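Asker: Here the structure of chain S is known, so what remains is to put chain D in place on it, guided by the hints.
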Amino acid sequence: MAGVKAVEFDLAQVPLREVNRYLHRDAQAEGVTHVRISNPDGAHSIVCGLAHPFDVEIDGHVGYYVGGMNQRANITVRGNAGPGAGENMMSGTIRIEGFASTGAGASAHGGCLIVQGDASLRCGISLKGGDIVVGGSVGSFSAFMAQAGRIVICEDASDALGDSLYEAVIYLRGKVRSLGADAQFEPMRPADFKAVAELLGVAGFKHEPRDFRRIASAKSLYHWNADSNQEY
Amino acid sequence: MCGIVGLLIKNPACRDRLGELMVPMLVGMSSRGPDSAGLAVFSEPLPSPQYKLSLYSGSAAVDWSRLLDQLAAAFEHQHHLSASANHAVLTTVADLHALVKWLGANAPSVHVLSVGRSIDLYKDTGPPAEIAERYAFDRLRGTHLIGHTRMATESAVTPAHAHPFTAGHDFCLVHNGSLSNPHLVRRKLEPLGIRFVTDNDTEAACRYFEWRMREGDSLVTAVQRGFEELDGFFTFLMGTDEEILIVRDPFACKPAMVAETDDYVAIASEFRSLAHLPGIRHAAVFEPKPAEVYSWRV
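Protein chains in written order, with our numbering: chain S, 1 to 232; chain D, 1001 to 1298.
Bound-form chain D, shown alone:
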């Protein structure tokens, strides 16, 4: 079991409330996923060539201001670092490859959770309510987000195994279900130079879709191709800087519910995570049909 949530704000006036509206959605799915939680929030993209990395140091104490000084000495570009406890968002224009290599050598306890111009990513182990409070999810602003509460079945309970998974830039995926052929997918992708961080089944799906998009597929096409390549049970919820997308396996083994109003599109594993939303009584509520792809653009 796991819980998924997604929220896309259609009415720009409500974007300041993204986090506040989402926290009860995420916490509402605690019984489906009590061991870890995470979310990816998308906001107005940074002007190119700026991009940002979500950084996570786990239980290691990191002196973020010292890290920023070291970065300034190593790379001549302007950097901005917004840190809170063991999480930070680094905004920069430095060469990504060189920067990640530098972080690996000089700050080995710092992990890169996401890369992009729009995405910030948080994930950790523990009850969803604690994680929401730890990272002040209620204060998040933006256009859309996807989140997850995890009950691990296939791999270990660690922050790296928590969802969302990311691959490439401004793309992430959460999953309720389990895949039966993730190793097959992995053996197909690794020879193409695609590197995996965990042994988690969901990571295989995430990297598969991102690879297809780099090969020129739209996300919808990639997902349709995934029906042939990915075997197992799934409700996948994905986010890019432009859209959120949900798809369920042909047997609809895992639940999903959508509520849509003029102000938002909200998605959760169950209605009880949507019941608190404003205007829910008059929302269009439906269950996504199996093997049909539903997406909403910002």
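For reference, chain S alone in the conformation it holds in the complex:
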């Protein structure tokens, strides 16, 4: 295929630091478009900080911070991810085909993180504008203090979902064990159905947007009220 230049790295043979350095410094100048990484074996910080639109495939389970700070790259992990997958990503797409550990998509500013399995606790904590689509369920404290962006959850959520939310919006298909402080269910509007349809389409998940419920901030925590006696 014209315009395709693929490189492959076996992390059982090549130090991860060399791989990341090559992808940061040299790969774009050499016209690389596709990157394939084998034997990740749970290593940390694989393909962190990419700034070019590479298509990256990682064949196996990864450790902490895969694709952290990602810009523009499309990363697929054919396995599970450790804590902090896609943490602070700015743009691009990260797809985890297995499950993601704690803090998936934490403080992501942009781009889309797709977790095909479950995401553990604190998924999308402090989200700042990115999108997260979880095919399974999310753990407790997901979307805690999420400021902007959208989180689609195709199965259930555990405790304190959306605690202290700002302007981020959550779409939940299944049950929630408890909502966090100041999070509330709200009616789905046409723009919400459209957003859910769009994000399900990006993720390739076959669900009906009408089965999702919207959760957003009641905004009662937005202003400090000295008379409220710590009750909100």
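Among these hints, one or two may not hold up.
Residues from chain S that keep clear of chain D, each with C-beta distances beyond 10 Å, as calculated [what the hints assert, rightly or not]: (1) Lys5; (2) Gly31; (3) Asn80; (4) Phe99; (5) Thr102; (6) Asp156; (7) Asp182; (8) Phe185; (9) Ser220.
Computed spacing ranges between beta-carbons, pair by pair [said to hold, decoys possible]: (10) S:Phe205 to D:Arg1015: 38 to 46 Å; (11) D:Pro1012 to S:Glu18: 26 to 34 Å; (12) D:Pro1127 to S:Glu18: 39 to 47 Å; (13) D:Glu1292 to S:Glu167: 55 to 63 Å; (14) S:Pro15 to D:Ser1059: 33 to 41 Å; (15) D:Ala1060 to S:His52: 54 to 62 Å; (16) S:Lys5 to D:Glu1292: 57 to 65 Å; (17) S:Pro15 to D:Arg1015: 55 to 63 Å.
Residues from chain S that keep clear of chain D, each with C-beta distances beyond 10 Å, as calculated [said to hold, decoys possible]: (18) Asn20; (19) Ala29; (20) Ser91; (21) Gly201.
In short, the hints are calculated from the structure, not lab data.
None of the values given here were measured: they were computed from a predicted structure.
Think of the CB as a built atom: it goes at the ideal place given N, C-alpha and C, for glycine as much as any other residue.
Answerer: Frame of chain S; chain D shown alone:
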């Protein structure tokens, strides 16, 4: 930070490989715990009334064969001592209380690391790879083990503060995390006659669970009761002669990963300590959920 590892062999044909499979798991957690390491290995229990003690002499040179002669003179029972450098396993039928008292008086540099019919325990300060080599961990055989690599946060770096901690017979615990109320637990247990060896937070948890089991709780019940009594962050991994058990605090502050095949159940703080195991590509890999108790029996 700290690293934990556990391995239970389901297929008896693999029990000779317990140590060999475990060493890369333990060494793989070196960056999480570079200052000390230890492990407890469980094997087929000795026939009653025999039991064994793991003994440790630290930097003191001990003439183990002389110690054995002295023991034979002091106690008329048969004793067997298997020694390697500063570590030995003493098998005996002598009265435990009298034996420990005798050791304190006659071999003050020898510390008792564990007591039981099934458990052998090793722990020391230094990088995990060095400790694994020092005690030939790769040659260990048995049904199951739990291990730990320590990055000290709450108390001193000494062999006594290294994990696993033990209490009672054939019970041990390793911990990734920190407890915020160990002194409260200690003040509750000490008036009951429970003696502490260190000021380490994990020891409080270990002695609490062992006390609950002596009071009649199963280990699972003791752990569930622990959610009310122990405050802090934890992934606890425990071993008895019959089972291994893992539990994470309700916030899942500390990581854990489990891989299970027909041949074994392997547990580690991170997947990178499991990646080398045979058949790992087809293993069922999962993260224990917070505040849920998972256990596997031999």
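Asker: Compare the structure with the hints numbered earlier in the document and write down the numbers of the violated ones, lowest to highest.
Answerer: Checked against the structure, the hints that fail are numbers 3, 4, 5, 11, 12, 13, 16 and 17, while the rest are satisfied.
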